[in-house]
Amino acid sequence: MTSSLNGMPGPTSRHYFSQRLRLHYVDWGNPEAPPLLLVHGGRDHCRNWDWVAQALRDDWHIICPDLRGHGDSQWSPDGNYAMSSYIYDLDQLIHQQGLAPVTIVAHSLGGNICLRYSGIFPDKVRKLVAIEGLGPSPKVIAERRETTMAERMREWVGEQRKLSGRLPRRYPSIEDAFKRMQDENAHLSAEQARHLTEQGVNQNEDGTYSWKFDNYVRAWPPYDMSYRAIEELWSEITCPTLLVYGKESWASNPEKDGRIKHFKNAEVVEFDQAGHWVHHDRLRDFLATTTEFIK
Numbered sequence: 007m008t009s010s011l012n013g014m015p016g017p018t019s020r021h022y023f024s025q026r027l028r029l030h031y032v033d034w035g036n037p038e039a040p041p042l043l044l045v046h047g048g049r050d051h052c053r054n055w056d057w058v059a060q061a062l063r064d065d066w067h068i069i070c071p072d073l074r075g076h077g078d079s080q081w082s083p084d085g086n087y088a089m090s091s092y093i094y095d096l097d098q099l100i101h102q103q104g105l106a107p108v109t110i111v112a113h114s115l116g117g118n119i120c121l122r123y124s125g126i127f128p129d130k131v132r133k134l135v136a137i138e139g140l141g142p143s144p145k146v147i148a149e150r151r152e153t154t155m156a157e158r159m160r161e162w163v164g165e166q167r168k169l170s171g172r173l174p175r176r177y178p179s180i181e182d183a184f185k186r187m188q189d190e191n192a193h194l195s196a197e198q199a200r201h202l203t204e205q206g207v208n209q210n211e212d213g214t215y216s217w218k219f220d221n222y223v224r225a226w227p228p229y230d231m232s233y234r235a236i237e238e239l240w241s242e243i244t245c246p247t248l249l250v251y252g253k254e255s256w257a258s259n260p261e262k263d264g265r266i267k268h269f270k271n272a273e274v275v276e277f278d279q280a281g282h283w284v285h286h287d288r289l290r291d292f293l294a295t296t297t298e299f300i301k
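If you're matching positions, the sequence shown starts at 7 in the numbering used here and goes up one per residue.
Be aware that a few hints might be false.
[Stated by the list, open to error] Computed list of lysine-lysine pairs in DSS-like fashion (alpha-carbon distance at most 27 Å, straight line): (1) Lys267 / Lys133; (2) Lys145 / Lys130; (3) Lys145 / Lys262; (4) Lys185 / Lys218; (5) Lys267 / Lys301; (6) Lys168 / Lys218; (7) Lys130 / Lys270; (8) Lys133 / Lys253; (9) Lys267 / Lys253; (10) Lys253 / Lys270; (11) Lys270 / Lys145; (12) Lys253 / Lys185; (13) Lys301 / Lys133; (14) Lys253 / Lys145; (15) Lys270 / Lys133; (16) Lys218 / Lys145; (17) Lys267 / Lys145; (18) Lys130 / Lys301; (19) Lys267 / Lys130; (20) Lys262 / Lys133; (21) Lys270 / Lys301.
[Unchecked claim] Taking CB as the label site, the calculated pair distances span: (22) Met155 / Glu298: 41 to 51 Å; (23) Pro37 / Glu298: 45 to 55 Å; (24) Arg290 / Pro40: 18 to 28 Å; (25) Thr244 / Asp189: 38 to 48 Å; (26) Ala196 / Lys270: 35 to 45 Å; (27) Asp129 / Asp64: 37 to 47 Å; (28) Ser90 / Arg150: 12 to 22 Å; (29) Pro15 / Ala148: 48 to 58 Å; (30) Ala148 / Pro40: 39 to 49 Å; (31) Thr153 / Gly264: 17 to 27 Å; (32) His21 / Glu204: 41 to 51 Å; (33) Asn208 / Pro83: 14 to 24 Å.
Since the hints were made in silico from the structure, they are not lab data. Each residue gets a CB set at the ideal place from its N, CA and C atoms; glycine is no exception.
All chains, full assembly: derive it from the sequences and hints.
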């Protein structure tokens with residue numbers, strides 16, 4: 007299936023399997039060109055990259071996956087979304103499509119996944135651009151360390167129980183969902199917000215609209231790799247790495263908080279007038295910086 011953006015031919019919709027889940031991705035064609043993976047963030051979907059893909063498709067073979075539980079990918083049957091599973095899904099896509107060594111541009115949760123992946127499989131990644139993908143700041147991490155495993159488990163159990171009873175929010179019309187999208191990111195143009203909304207919802211049987219993502223993706227697992235182990239993975243990354251930040255975002259800049267010290271070959275670039283979604287908020291400048299870096 008193909009779709010269009012601004013009158014131009016859009017990507018082809020395809021699927022692959024990982025841990026028995028049917029996962030979706032879009033392929034922007036040009037298979038003879040070098041491979042470029044664009045990996046979205048949490049509660050997002052693969053079509054959030056459409057503007058970036060349109061700009062880069064002539065020089066790259068662009069593939070944009072929907073993470074499990076997101077977009078048009080299948081939901082995890084037990085509602086569990088561990089980082090190890092996301093990493094396995096990514097490697098399955100790269101393995102099955104023969105993409106290594108691949109160039110990756112990833113955002114937020116996608117950046118977190120791809121940074122870890124690049125430390126686990128350094129030979130499989132050629133260059134990496136991670137938009138606000140390092141996760142919680144050292145300050146937040148220090149606060150979390152003060153809680154015991156029992157406390158974290160109790161909190162997670164309670165959150166899971168609440169999510170089990172949380173039905174997907176239903177919007178009477180696409181216009182209502184569109185307004186919610188605009189409220190989430192004031193930097194988005196009306197055109198951007200409308201496109202992201204149209205690609206990010208399903209219509210329910212009663213005519214209402216709901217976001218495609220599984221509500222269970224909201225819950226972070228109670229246990230993960232230790233922060234020291236994650237930092238060790240960052241230090242194993244060998245490819246040139248660009249860490250992108252928006253000055254108006256809540257995310258902590260690794261050059262200012264010290265996390266850059268864990269990288270062998272990384273640089274940080276910060277954009278004015280940009281929040282968490284730098285690739286939307288400063289599209290033209292982001293493209294110029296990214297194109298130069300990954301060429």
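Status of the hints after comparison with the structure:
1. Lys267 / Lys133: Judged against 27 Å, a Cα distance of about 19 Å means the pair holds.
2. Lys145 / Lys130: violated (32 Å)
3. Lys145 / Lys262: Status holds; Cα separation ~12 Å.
4. Lys185 / Lys218: Roughly 17 Å between the alpha carbons, so the hint for Lys185 and Lys218 holds.
5. Lys267 / Lys301: Between Lys267 and Lys301 the Cα gap is close to 25 Å, so the pair holds against 27 Å.
6. Lys168 / Lys218: Cα-Cα ~19 Å, so holds.
7. Lys130 / Lys270: holds (17 Å)
8. Lys133 / Lys253: holds (24 Å)
9. Lys267 / Lys253: This hinted pair holds, its Cα atoms lying about 20 Å apart.
10. Lys253 / Lys270: Roughly 24 Å between the alpha carbons, so the hint for Lys253 and Lys270 holds.
11. Lys270 / Lys145: holds (23 Å)
12. Lys253 / Lys185: Given that 27 Å is the threshold and the Cα spacing comes to 25 Å, the pair holds.
13. Lys301 / Lys133: holds (9 Å)
14. Lys253 / Lys145: holds (18 Å)
15. Lys270 / Lys133: holds (13 Å)
16. Lys218 / Lys145: With a Cα-Cα distance of about 33 Å, the restraint between Lys218 and Lys145 is violated, given a limit of 27 Å.
17. Lys267 / Lys145: holds (16 Å)
18. Lys130 / Lys301: OK: Lys130 and Lys301 at ~17 Å, within 27 Å.
19. Lys267 / Lys130: Holds. Lys267 to Lys130 sits at ~23 Å (cutoff 27 Å).
20. Lys262 / Lys133: Within the cut-off at roughly 23 Å; holds.
21. Lys270 / Lys301: holds (20 Å)
22. Met155 / Glu298: 41 to 51 Å: holds (45 Å)
23. Pro37 / Glu298: 45 to 55 Å: violated (24 Å)
24. Arg290 / Pro40: 18 to 28 Å: The hint (18 to 28 Å, Cβ to Cβ) holds, given that Arg290 and Pro40 are roughly 23 Å apart.
25. Thr244 / Asp189: 38 to 48 Å: holds (41 Å)
26. Ala196 / Lys270: 35 to 45 Å: Taking Cβ atoms as reference, Ala196 and Lys270 lie about 42 Å apart, which means the hint holds.
27. Asp129 / Asp64: 37 to 47 Å: violated (28 Å)
28. Ser90 / Arg150: 12 to 22 Å: holds (19 Å)
29. Pro15 / Ala148: 48 to 58 Å: Given range 48 to 58 Å: holds, Cβ gap about 49 Å.
30. Ala148 / Pro40: 39 to 49 Å: holds (41 Å)
31. Thr153 / Gly264: 17 to 27 Å: With Cβ atoms ~23 Å apart, the hint holds.
32. His21 / Glu204: 41 to 51 Å: violated (21 Å)
33. Asn208 / Pro83: 14 to 24 Å: Since Asn208 and Pro83 have Cβ atoms about 18 Å apart, the given range 14 to 24 Å holds.
Consistency note: the structure conflicts with the earlier hints numbered 2, 16, 23, 27, 32.
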